[in-house]
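Protein sequences, first through last, are from chains X and P. If you use the working numbering, the first sequence corresponds to residues -6 to 401, in order. If you use the working numbering, the second sequence corresponds to residues -6 to 401, in order.
In short, the hints are calculated from the structure, not lab data. Hints should not be assumed to be uniformly reliable.
Put simply, identical chains are the same to the list, so a pair is met inside one copy or across any two.
[As the list claims (entries may be wrong)] Listed below are the simulated SDA-like cross-link pairs for lysine to any residue, each with C-alpha atoms no more than 25 Å apart in a straight line:
1) LYS172 to GLY365
2) LYS172 to GLY15
3) LYS364 to HIS390
4) LYS172 to PRO143
5) LYS364 to GLY391
6) LYS364 to GLU123
7) LYS65 to ASP333
8) LYS364 to ARG18
9) LYS364 to ASP61
10) LYS364 to GLN209
11) LYS100 to TRP349
Residues per chain are reported as follows:
2 protein chains.
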Amino acid sequence: MAKSLPVSPLAPAGFPDLPVIGGVRFASAAAGVRYEGRTDVMLALMDPGTSVAGVFTRSATRSAPVLDCQDKLGGATDAGAAILVNSGNSNAFTGHHGQTSVEEVTKAVANVTGVPVERVFTASTGVIGEPLRHDRIVAKLGDLNGTLEPGGIERAARAIMTTDTFAKGAAARIEVDGKPVSIAGIAKGSGMIAPDMATMLVYIFTDAAYDQAPLQSLLAELSDRTFNCITVDSDTSTSDSLMLCATGAAEVDATDDPGFADALHGVMLDLAHQVVRDGEGATKFVEVRITGAASDADARIHGLSIANSPLVKTAIAGEDPNWGRIVMAIGKSGAEADRDRLSIRFGDILVAERGWVSPDYREADAATYMKGQNLVISVDLGLGEGTATIWTCDLTHGYIQINADYRS
Amino acid sequence: MAKSLPVSPLAPAGFPDLPVIGGVRFASAAAGVRYEGRTDVMLALMDPGTSVAGVFTRSATRSAPVLDCQDKLGGATDAGAAILVNSGNSNAFTGHHGQTSVEEVTKAVANVTGVPVERVFTASTGVIGEPLRHDRIVAKLGDLNGTLEPGGIERAARAIMTTDTFAKGAAARIEVDGKPVSIAGIAKGSGMIAPDMATMLVYIFTDAAYDQAPLQSLLAELSDRTFNCITVDSDTSTSDSLMLCATGAAEVDATDDPGFADALHGVMLDLAHQVVRDGEGATKFVEVRITGAASDADARIHGLSIANSPLVKTAIAGEDPNWGRIVMAIGKSGAEADRDRLSIRFGDILVAERGWVSPDYREADAATYMKGQNLVISVDLGLGEGTATIWTCDLTHGYIQINADYRS
């Protein structure tokens, strides 16, 4: 199915040129978990001394691999680390068999790579509720370990795709204390917030050194400003995983370096936007900017209410500057709002203010603006200093086709 | 636009035969608020002694008529009461002009009917953000007052339609203390929870007498079990209004009578189901039954998470027994769940239990079941005694067509 989907009109021109990250090597293979004629498993192997941080789905029905990764976070950094990801089967809602599969795969990865099993992380993405053929993955581990190479990250990005219509990568090159440091990341998914075959998985690597505990804090904080600010359809996968590995091969410690944090934020935001740009059926990339809310938390609630509203999303799909639906979404959100203090803008066009349409508003201008592919909807609540920015896409016939017209 | 939509495939065979309710008369007219060639305003006039209760949208951006009605609830019952509703314009987000329109209309209704302005209730449904041409409504009030008749309720139901594809009515005939009592209600809307042109409005009338304060309590309680348990697309109108008038013409007091409450519940549930059955683009009517939750509140959260999930709703549209999406929706809801205690049924078919697909499950059976027009999805959490039932419809190309393909 993934192969039959046309590439999203919002896709970047091509996969970016990612830097080689010292201390990490990649391999990918076709294990035949479910798909035929394509790779479906990737292995990343990190040198000893690598710090590993992770953020995972909060779903109460999260998958066996997610539970296993969460148990292992914060382990010793004197050993190496390995990440093994398969596509085609999510190993979610597979009962006790799910845990068995995770144990078999992590044990086998440990055996073949020499990394202790406590430092072997896995993820699975694909159909829910079918037993994972872990034997097929285990059978490929020798090949994977024998073909590890520093430049294999793009092939790794392709091996973990499911309904993605393009492979997603982003990078940054900076200096920390005068030494060059690189960050490279890959992602898959059509939502954070995604269909049962489009879990979001993100793996980011840097050759900087970074202490384990602050690396975890940094990842969680930046995740709240990037991946937790995107939404395709408000649905959340049982398998969403974001991991960050700092190998230290660049021989410079970036712990608490603000330039590093900025660069990492940029890589994460780029990947998050790419996930939205591959949203199922998406034809518009939409930034929802909330200002003037009573608090940042309220701003986020308003932003998500707008970004998840089926009526707002269908209006955008129809290139309809239907600001009444923005008013509706703010009203229903549950966060504080005062009808008579609201102002709403499409791009630079002031649409509504003081509880009514702006006297200067001309619908023809807004209709022209809505024809663009990248849209900004700004709402000022006029109440306080709270702000939030949310990124989303429109809701189109393409979404219905992908999720209703085909049987999964 | 409303007239161009085909009647929902889930519509009842026809408008029901509603009983005449003593103490209330109806009139409708074509005021030309926005639509041409159809009625767009209705007046209901209640005799002195009528108790009036109301439940309204909780939206923070609710319309001027809603704010006015809320102010007036609980007023004296020794005067009569009037309800004036127009379609075509919602008088929402119209700034101070909105309040002026409400004042002009209610004052004029009071003048022509003799009902004190404190007992004149209004509602408006239609486009948001355009000034209401209240002069056109006022100009018709003499005609309306002159054509009031006890049997006019069906025409009233038609006058308040917007994107509705069928007029909605329901009734009950019971005995209270050996005397016959009737209840008749009308509704419009494609959601509670609805597009900017499909606000939910409900008006119910009975000839029983009922004390004002307990009538308000009863309406609120039954509303939580009926209209607040339906969802079409999770969006909430700025104008949703539900009013109940007890005229006392039957000369029997039904206050706290359990049989009356049951009958009223039946009328409200019937109307609520009709709103879902007219959900935009709906082809399936779906009952989501949650049992075994940690609390009733948790059960409601799980039920709404399933009923509002775009992935669940598109799977239903595609007649796909995709139980993995049910697991996903439970997991993301935020309410308590234990993957290994869940059980899921489609109709009588046990799909999943103890964290995995049931050993007896055959997908072919479930696929056959999903072809039906009325579906029941049952989830037992296995945690406690909490229950909830939610009603919804599927998410189809029809929804996208109505909300994206046409400019409003």
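We went through each hint and held it up to the structure:
For the homomeric pair LYS172 and GLY365, neither the shortest alpha-carbon distance inside one copy (42 Å) nor that between copies (66 Å) is at most 25 Å. Taking identical chains as interchangeable, the C-alpha atoms of LYS172 and GLY15 lie at most 25 Å apart only when both belong to the same chain, with a minimum of 14 Å there against 88 Å between chains. Taking CA atoms no more than 25 Å apart as the test, LYS364 paired with HIS390 passes in both settings, with 17 Å inside one copy and 21 Å between copies. With identical chains, the CA atoms of LYS172 and PRO143 are at most 25 Å apart within one copy only, with a shortest distance of 20 Å there and 87 Å across copies.
Proximity of LYS364 and GLY391 under a CA criterion of 25 Å is satisfied in both settings, with 18 Å inside one chain copy and 22 Å between copies. In the homo-oligomer, the alpha carbons of LYS364 and GLU123 lie at most 25 Å apart only across protomers (23 Å), although the nearest pairing inside one protomer, at 43 Å, exceeds that limit. Taking the shortest alpha-carbon separations for LYS65 and ASP333, only the inter-copy value of 22 Å comes in at or below 25 Å, while the best intra-copy value is 51 Å. Taking identical chains as interchangeable, the C-alpha atoms of LYS364 and ARG18 are never at most 25 Å apart, the minima being 44 Å within one chain and 50 Å between chains.
Taking the closest pair of Cα atoms, LYS364 and ASP61 never come within 25 Å of each other, the shortest separation being 46 Å inside a single copy and 39 Å across copies. Taking the closest pair of Cα atoms, LYS364 and GLN209 never come within 25 Å of each other, the shortest separation being 41 Å inside a single copy and 48 Å across copies. In this homomeric assembly, LYS100 and TRP349 come within 25 Å of each other (Cα to Cα) only across copies, at 24 Å, whereas the closest approach inside a single copy is 64 Å.
Hints 1, 8, 9, 10 from the earlier list are contradicted by this structure; the remaining hints agree with it.
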